[in-house]
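Please construct the entire structure, taking both the sequences and the accompanying hints into account.
2 protein chains.
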Amino acid sequence: MRKLDITEIKRLTPEDFKEAEKNPLIVVLDNIRSHHNTGAVFRTCDAFACEAVYLCGITGTPPHRDIHKTALGATETVHWEYFENTMEAVKILKSKNYKLIALEIAENSTHIDEYLPEKNEKTALILGNEVNGIDQKILDICDICIEIPQYGTKHSLNVSVSGGIAIWTLTKKMRYN
Amino acid sequence: MRKLDITEIKRLTPEDFKEAEKNPLIVVLDNIRSHHNTGAVFRTCDAFACEAVYLCGITGTPPHRDIHKTALGATETVHWEYFENTMEAVKILKSKNYKLIALEIAENSTHIDEYLPEKNEKTALILGNEVNGIDQKILDICDICIEIPQYGTKHSLNVSVSGGIAIWTLTKKMRYN
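Just so you know, the protein sequences line up as chains A and B, in that order. Residue 379 is where the first sequence starts when you use the numbering used here, and the numbers rise one by one after that. Residue 379 is where the second sequence starts when you use the numbering used here, and the numbers rise one by one after that.
One thing to keep in mind: the hints can contain errors.
It does not matter which identical chain is used: a pair holds within one copy or between any two.
What the hints assert, rightly or not - Listed next, the in silico BS3-like pairs over lysine-lysine satisfying Cα-Cα at most 30 Å (straight line):
1. Lys472 to Lys396
2. Lys550 to Lys381
3. Lys400 to Lys551
4. Lys447 to Lys515
5. Lys396 to Lys500
6. Lys515 to Lys474
7. Lys500 to Lys550
8. Lys381 to Lys551
9. Lys477 to Lys381
10. Lys472 to Lys381
11. Lys550 to Lys400
12. Lys381 to Lys515
13. Lys469 to Lys381
14. Lys400 to Lys472
15. Lys551 to Lys515
16. Lys474 to Lys500
17. Lys550 to Lys474
18. Lys381 to Lys500
Hints were generated in silico from the structure; no laboratory data involved. Being a predicted model, the structure only gives us computed values, none of them experimental.
As structure tokens, this is what we get:
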């Protein structure tokens, strides 16, 4: 099993990526404190060809050295917008008929594997603050809450990890359902 | 959809976690540079009840302030061992009949969703250095190489994100296959 070097992997160029068909998934970061997490989400959104990232509230915006450390250039390829508050972003998405999906630990949440988006359904995935999660007011207007079942001692996963699992799971289903 | 507070989530106590049945998955970190990544992997291994984390080479070891920032206590719950070099760790695992799975971009790799472990099969998942990936010598003695298909411009995902997707995918299959 020979490891492939970077010239053999044949990823898209930034120019080709801009033109390429995207998964209709917009990832909304609701007050993410850590630039490391924001950068990692950018990189995940590049890998799974997401439509955009919406950076809200205290979430940092590029260019920023600490975001760059984990994004490694994905802030140049993934479309992003900044909103002063998450509610504004979410209301715009609702008015454009995006299905609003919260990734959160909540009453009556749906197991992530049981949620089945329509093929190419316009979807917004909301990821919450590292300590407080998604603001309850935002959660109240979401269409569905999905949850990753966990079996350990900690309250939750790191948000770039749980976001990664959710983005991978949703885009895969969007592509093939 | 009411958000659950930490007292309602009913995670295991550290004492109960130690006694709880684990997934027979040992995660091997091959020279991970970032303490943030190491901490996030600990937290993922807590969430998905992994048997252990093997920290190899330059990978940091607890207690360390920067590992704690993302592990948030999971270094106290997840069993870990340190090895000066990854080859030593991997040879021990092979001698104990662990199936060695590399997460890497390589010739003849298997799509992560197509790999089907036996129920409760003893498995070691090797995650490689942020820049160089898994050392080719380690890859050469692995039983299989799994890959997460990617559609963007970047070479790879952040290792705590790709590791999260792989640990989630493998432990789910181990539990239900």
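For this session: Give me the numbers of the hints this structure contradicts, sorted from smallest to largest.
Result: Every hint satisfied by this model.
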